[in-house]
Structure formats: C-alpha cells, structure tokens
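Trainee: Going line by line, the protein sequences match chains A and B. Numbering-wise (the working numbering), the first sequence opens with residue 1 and increments by one. Numbering-wise (the working numbering), the second sequence opens with residue 1 and increments by one.
Bear in mind the hints are in silico, worked out from the structure with no lab data behind them. Treat the hints with caution; some may be incorrect.
Stated by the list, open to error - When the alpha-carbon atoms are kept at most 25 Å apart in a straight line, the in silico SDA-like pairs for lysine to any residue are as follows:
1. Lys234(A) - Ser277(B)
2. Lys336(B) - Pro315(A)
3. Lys234(B) - Met240(A)
4. Lys234(A) - Trp335(B)
5. Lys336(A) - Val314(B)
6. Lys336(A) - Arg320(B)
Everything numeric in this text was worked out from a predicted model, so none of it was measured.
Protein chains: 2
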Amino acid sequence: MVKTRRVAIIGAGNGGHAAAFELAQKGFAVHLCDIDEKVIDGIRNLGGIQATGRFEGFAKIALLTTDIREAIEGVEAILPMVPRYAHRSIAQELASCLRGHEHLLLCPGSTLGEVEFAKTLRENGRDQPVSTVATLPYACRLKEPGRVSISLITKTLLFASFPAKDTEEEARFFSALFPTISEMSNGLEVGLNNGNPVTHPVPTLLNAARIERGERFLFYREGVTASVARINQKLDEERMALCRTLGFRTISLTERLFLTGYADRIYETPLEAYHRSEAFAPILAPTNLHDRYLFEDVPYGLVTFASIGERLGVPTPTMRLIVNLAAEVTGVDFWKEGMTLSRLGLGGLDRFDLLRFMEEGRSPAVTW
Amino acid sequence: MVKTRRVAIIGAGNGGHAAAFELAQKGFAVHLCDIDEKVIDGIRNLGGIQATGRFEGFAKIALLTTDIREAIEGVEAILPMVPRYAHRSIAQELASCLRGHEHLLLCPGSTLGEVEFAKTLRENGRDQPVSTVATLPYACRLKEPGRVSISLITKTLLFASFPAKDTEEEARFFSALFPTISEMSNGLEVGLNNGNPVTHPVPTLLNAARIERGERFLFYREGVTASVARINQKLDEERMALCRTLGFRTISLTERLFLTGYADRIYETPLEAYHRSEAFAPILAPTNLHDRYLFEDVPYGLVTFASIGERLGVPTPTMRLIVNLAAEVTGVDFWKEGMTLSRLGLGGLDRFDLLRFMEEGRSPAVTW
Chain A
1 MVKTRRVAII GAGNGGHAAA FELAQKGFAV HLCDIDEKVI DGIRNLGGIQ
51 ATGRFEGFAK IALLTTDIRE AIEGVEAILP MVPRYAHRSI AQELASCLRG
101 HEHLLLCPGS TLGEVEFAKT LRENGRDQPV STVATLPYAC RLKEPGRVSI
151 SLITKTLLFA SFPAKDTEEE ARFFSALFPT ISEMSNGLEV GLNNGNPVTH
201 PVPTLLNAAR IERGERFLFY REGVTASVAR INQKLDEERM ALCRTLGFRT
251 ISLTERLFLT GYADRIYETP LEAYHRSEAF APILAPTNLH DRYLFEDVPY
301 GLVTFASIGE RLGVPTPTMR LIVNLAAEVT GVDFWKEGMT LSRLGLGGLD
351 RFDLLRFMEE GRSPAVTW
Chain B
1 MVKTRRVAII GAGNGGHAAA FELAQKGFAV HLCDIDEKVI DGIRNLGGIQ
51 ATGRFEGFAK IALLTTDIRE AIEGVEAILP MVPRYAHRSI AQELASCLRG
101 HEHLLLCPGS TLGEVEFAKT LRENGRDQPV STVATLPYAC RLKEPGRVSI
151 SLITKTLLFA SFPAKDTEEE ARFFSALFPT ISEMSNGLEV GLNNGNPVTH
201 PVPTLLNAAR IERGERFLFY REGVTASVAR INQKLDEERM ALCRTLGFRT
251 ISLTERLFLT GYADRIYETP LEAYHRSEAF APILAPTNLH DRYLFEDVPY
301 GLVTFASIGE RLGVPTPTMR LIVNLAAEVT GVDFWKEGMT LSRLGLGGLD
351 RFDLLRFMEE GRSPAVTW
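Using the sequences and the hints, build the whole thing.
Mentor: Below, the structure is given as structure tokens:
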C-alpha cells in the first residue's frame with residue numbers, strides 16, 4: 001500500500017477548508033477544488049491553509065484547481081463538501097470523468113443526498129456506491145480564503161453507504177480519513193439524524209425581520225428563546241417518530257449534540273444545550289434570508305422528512321407549519337422545489353420496500 | 001335636552017384615557033371606571049387627565065371608580081374600551097345593573113365583539129342594541145395613570161349596531177360623541193375592517209425571539225421588513241375576499257390607513273405605509289409575547305376571520321398558517337380558545353341567514 005493517498009475535496013467552504021487542512025496534516029495529498037477562482041487563488045497565494053482555533057498550524061495543499069476533472073485525477077477518494085442543493089450538478093460533472101474505483105463520501109450528505117447523488121450518477125452512466133455522514137466533521141468558520149478557524153472535531157460521525165450492503169467496506173476505507181465514523185443501518189438512518197432542519201429554520205424565521213435588515217446578533221445565544229427552542233423540540237419529536245417507525249435508533253437533539261461533541265453533556269432541553277454549549281456561543285446569525293438555513297434545511301430537510309412521514313403515515317404537523325412559513329417568508333414554494341420521496345422516484349415504495357431499497361440499491365418498483 | 005350628558009367609559013387604558021379626556025373637553029360628564037385601583041388612584045391624585053401630543057390640555061373627570069355599578073349610574077351611554085377578551089365578563093357585570101335605556105358602544109369592538117356582548121347580555125336577561133366601531137377613535141399611548149399622549153384623532157370611525165336595523169338611530173346618538181363615525185351595513189362589515197389581525201401578529205411572530213428577550217425596538221420601522229409586509233398583504237387579500245363574498249365594500253389595508261388618518265395618502269404597499277406614515281413611527285414593540293398583538297388579534301381576529309371563511313367556502317391558508325404559528329410560539333391552542341361562528345351559536349347559518357341575523361338580531365336557527 002502506498003503511503004501517500006490522494007484525496008479530492010470538492011468545495012472550499014468552511015468544511016472543505018478544515019478537511020483539506022486536517023487531511024493534509026495527516027499525510028494525505030489533498031486536491032482541493034472550488035468553482036470560485038478567487039477562493040482558489042487566495043489559497044494559492046498563501047501556499048496552503050492556515051488553521052487557528054483548537055488546531056493551529058499550516059498545511060500545504062497538493063493541488064488547487066477550479067476543474068473537477070483535474071481535481072479527481074489519480075485520487076482514491078472524492079469528498080463533495082457542498083450544500084445539499086449542489087449535489088446534483090456535481091454528480092453530473094463527476095459522471096463524465098469518474099474511473100469507477102473512487103470512494104465517494106458526501107460530507108455531509110444532508111438528508112438522502114447520497115440517494116440523489118447515486119441516482120444522478122446512474123442516469124449519467126456511472127454506478128458506484130455513495131457514502132454519507134450526518135454532519136460536518138468539524139465546527140469551523142472560514143475567515144478568508146486559506147484561513148479557517150476550527151473550534152471542534154466532531155466526536156462521532158454517523159456513517160452509511162448507498163447501497164447499505166457496501167457500508168462495512170466503505171467504512172473500513174473512510175475510517176483512515178475520519179477515525180470517528182460510526183456505522184448506521186443505511187443512509188436513511190443517517191439522513192434522519194441530520195440535525196440542521198430541526199435546528200436552523202425556526203430561529204431563522206422567528207428572527208426573520210432582523211435578519212432581513214442585516215442586523216448582527218448571536219444566532220443561538222440571542223436568537224433562540226424559550227418558544228423557539230420549544231418548537232425545535234417539537235420538530236425533533238416528529239423526527240424521532242419517523243426514526244421509531246423505521247426501526248432506527250432514536251437519538252434526540254440533545255443526545256446528538258453530546259455524541260458529536262457539540263455539548264459537554266446531555267442537556268435536559270434544547271434551550272439549555274443551545275445556550276450553554278460552548279460550540280454554539282460565537283455563531284452569528286445569517287445576514288440575509290437567502291441562506292442555507294432556509295434554502296437547504298427546508299427543501300432538503302423538513303420537506304424530505306415530511307414526505308417520509310406522509311409515506312409512513314407518521315404525522316408531521318409542526319414540520320409542515322415551518323415549511324409553509326418559510327415559503328411565505330421567502331416567497332418560494334418549498335413543497336414544489338424540495339426533495340420528496342416521489343422526486344427521488346421512491347414514491348411507490350412502502351416502508352419495507354424502502355428499507356430493502358436502501359440496503360440493496362435496487363428495487364423492481366424503482367425505475368433508475 | 002340637558003346640556004351635560006353623562007357617559008361611562010369602562011377601562012382606563014390608552015383609549016379610555018384619551019376618550020375620557022376628549023369627551024370631558026367637549027362638555028360631557030365622564031364616569032371613568034377601571035378594575036385597577038392604582039390607575040384610578042393615580043388619575044384621582046392628578047384630579048383629571050393631562051393630554052399631550054397633538055392635543056394639549058387638562059380635563060376634569062366627573063367620577064372615578066372601580067365599581068361598574070357606580071360608573072353607569074345615571075349615564076346615557078356606556079363605552080367599554082377594553083381588549084376583546086374582556087367583553088364577556090364586562091357584559092356579565094353590566095347585565096345586572098343596566099336600566100335598559102343606555103346606549104352601548106364597544107370602542108372598538110374587534111371582530112364580532114358586539115355579537116358576543118349582546119349574546120352575553122341576553123343570556124343574563126338584558127336585550128339591548130350593542131354598537132361597535134372598527135378601531136380606537138385615537139392613536140394614543142398612556143404614559144402613566146392620568147397622563148396620555150394623543151397623536152391622532154381617527155378621521156373615519158366605521159360604525160354599526162347589532163342588530164343593524166338600529167344602526168341609524170344609534171349612529172345619530174353617538175355622532176354627538178364621535179362626529180367621524182361612518183355607518184356600515186352591519187357589525188360583520190365593521191368587524192372585517194378590524195385591521196389589527198392583519199397588522200399585528202405577523203411582525204410579532206417574525207420578531208418573536210427579540211420580543212421574548214424583552215429587547216426594545218420600533219415595531220413598524222424596524223420590525224416590519226419586506227417579507228413581513230408581504231405576508232400582511234396576503235392576510236389582507238384573504239380578508240378582502242371575505243368582504244367580497246359577503247357583498248361588503250373592500251377597503252384595503254393601505255386605503256383604510258388613509259381613511260382613518262394613519263397615513264397621509266394611499267401608499268402602494270403595506271411596507272411603504274408602515275415605514276412612511278408618521279403615526280406608526282414611534283410605536284415600540286411589545287415587551288413580551290403575552291401581548292394583545294397575539295392574545296387578542298389571533299383568537300378574536302384571525303381565528304374568527306378563518307371561521308367565517310370556512311363557513312363561506314373562502315380559503316384562508318395564510319390566516320390558518322399564522323394562527324398555527326402563534327399557537328406553536330405561545331403554546332396556546334387558539335383554534336380552541338378563539339371565537340368562531342360556532343362558538344357564537346351561528347355555525348348553522350348560511351351566508352344569507354348570517355346577513356339577515358346581523359340585520360335583525362334574531363333567527364329561527366339561533367338559540368339565544
């Protein structure tokens with residue numbers, strides 16, 4: 001086995017910067033790719049990535065590029081580290097240049113991102129397993145191109161592959177990159193533990209006016225109050241009901257924050273967790289409403305959760321309320337734009353067919 | 001006709017103070033009543049009411065009391081000037097001491113307040129017409145007991161009586177007190193022009209976190225942004241659809257602000273009206289969520305509107321969304337607590353029966 005393994009990271013945002021730094025530090029040759037030339041040039045000018053915060057240091061990046069084809073040349077693993085809504089176009093681009101032996105990990109995969117990714121690859125002639133983790137491996141903020149502040153390395157990375165029959169083998173490979181990955185039964189279980197749709201939209205909406213005015217305030221410390229957290233908890237209960245119905249572990253929001261390392265203990269309520277955990281303390285609110293806190297977490301989170309609920313007969317009234325409110329606030333019909341089981345071609349499956357499909361990646365009732 | 005007419009005002013809040021001042025200035029002998037002894041004592045210590053703002057002056061109040069029975073002794077008119085949710089208990093108290101000749105005006109009556117008031121009186125053995133206006137006759141703020149700042153006298157007071165066959169006679173009487181009253185076809189038309197349910201809940205909810213934290217900010221100037229005003233406008237369109245279906249005039253929010261004098265012209269959008277009209281400029285947000293902006297305007301406004309919509313087959317999806325959101329934020333089931341046609345005993349009436357009932361005050365299908 002060669003010592004220097006090559007890894008491509010697609011997307012040089014907060015997470016892409018942090019992963020590029022950490023994997024390069026660990027001895028991987030990192031290819032970092034972003035569509036934004038200014039970002040790539042900024043990193044190139046520094047000669048690599050400077051990390052501050054909990055992990056101080058500098059790491060050289062083997063290859064910096066805006067060209068996906070160049071980025072994945074000779075790599076063993078490809079890590080798209082982009083918002084959920086960018087998955088489809090990246091899968092389309094990758095399909096034309098994959099060799100077939102690369103390990104793919106959506107990092108994170110949001111909810112059912114790996115299914116849409118695999119579907120897009122297949123529709124473009126490629127058939128490879130796609131793995132997913134439930135959260136970014138870091139709490140981090142990009143300060144400027146080439147400079148990232150990392151405040152936390154996630155303690156547990158919930159992991160699965162699509163199809164899930166490949167999870168064990170893929171986990172063996174990816175644990176060299178991320179030793180904290182923890183296998184789950186399938187990507188649906190991972191995706192239902194994507195905490196963002198429970199956490200982000202409600203504080204965004206119940207602070208919509210000041211966000212729209214561009215006022216700066218602390219998202220968790222100032223923007224989350226008792227009633228905000230109570231609605232988050234209701235969303236979390238609906239999410240856990242979906243998990244229970246599918247026979248998955250039910251990990252509450254507060255338990256997950258402890259598992260991942262965002263909280264030092266399991267706080268009794270979401271409000272306590274948001275207000276006391278150090279990792280949340282410095283996080284500022286978005287500066288406008290056209291933010292992934294709504295445009296990722298509603299159409300690719302709450303809409304997806306609610307569509308699963310509809311299929312399973314599990315009521316999700318609070319999720320539906322928040323989707324409707326986000327639609328009113330932004331003027332975007334998220335029910336139409338968002339990712340539902342039907343849109344993934346899975347609308348005809350019942351609960352057990354859906355679980356079998358997640359395991360095997362094929363079903364007579366699925367046309368792709 | 002005696003020169004000095006006696007008028008009882010029940011409730012010494014913002015509006016009660018302003019009306020007591022203005023009517024006393026006009027030469028009426030005002031009896032002012034409030035359940036809060038400290039408020040009555042405060043006014044008594046001053047010897048009357050000091051007004052500032054657009055109308056400067058001092059007026060003596062003929063009688064200050066906490067006892068409704070004493071307050072209405074010898075008066076020709078009784079003006080409950082209280083939040084909508086206090087109507088029922090005041091009607092119960094009044095029923096035991098009314099003489100039968102007093103003119104009653106809910107000032108304002110919110111939505112269908114006059115119907116609930118008349119129903120409560122009848123259930124307690126009294127049968128008198130009850131009139132209503134759509135808004136307070138003033139824009140005013142109480143500074144402390146006895147001191148009120150009046151920034152505006154409303155230019156048009158939409159008025160009707162229940163039953164509406166008495167509107168003309170009651171309007172003749174009340175125009176001596178309020179010369180700007182303008183007759184509408186019935187109380188339902190007045191109540192559907194109660195602008196508060198359209199105006200207040202959305203900015204309250206989309207600023208819920210900072211209100212819950214007790215932060216001070218300008219409700220209209222800072223708390224209303226483009227998306228807030230767009231949702232207000234959707235509520236207003238649903239409200240106007242109700243008016244149209246009932247054959248009423250459709251007065252838009254921006255037109256009403258001009259009619260009442262809150263705006264110096266008819267602004268094109270609610271956002272412009274809220275941001276440009278002087279009357280809104282100084283108004284601060286409530287300091288907590290247990291405020292009439294939610295607890296009056298949702299259960300006695302949006303819930304009532306939506307129940308009328310349901311009866312008439314007029315869709316009110318945005319109203320329903322805002323009611324559901326207010327319920328989530330406060331933890332109160334406003335659909336259960338709020339005032340619906342059914343709760344008023346009017347659930348069995350169709351559109352034309354409802355209009356006839358508002359006119360005549362009786363219907364074979366109504367049991368009270």
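Trainee: Each of the hints needs a verdict: does it hold here or not?
Mentor: Hints, one by one, checked against the model:
1. Lys234(A) - Ser277(B): 39 Å, violated
2. Lys336(B) - Pro315(A): 20 Å, holds
3. Lys234(B) - Met240(A): With a Cα-Cα distance of about 34 Å, the restraint between lysine 234(B) and methionine 240(A) is violated, given a limit of 25 Å.
4. Lys234(A) - Trp335(B): 19 Å, holds
5. Lys336(A) - Val314(B): At roughly 24 Å apart (the allowed maximum being 25 Å), valine 314(B) and lysine 336(A) satisfy the hint.
6. Lys336(A) - Arg320(B): 20 Å, holds
Of the numbered hints given earlier, the model fails hints 1 and 3; all others are met.
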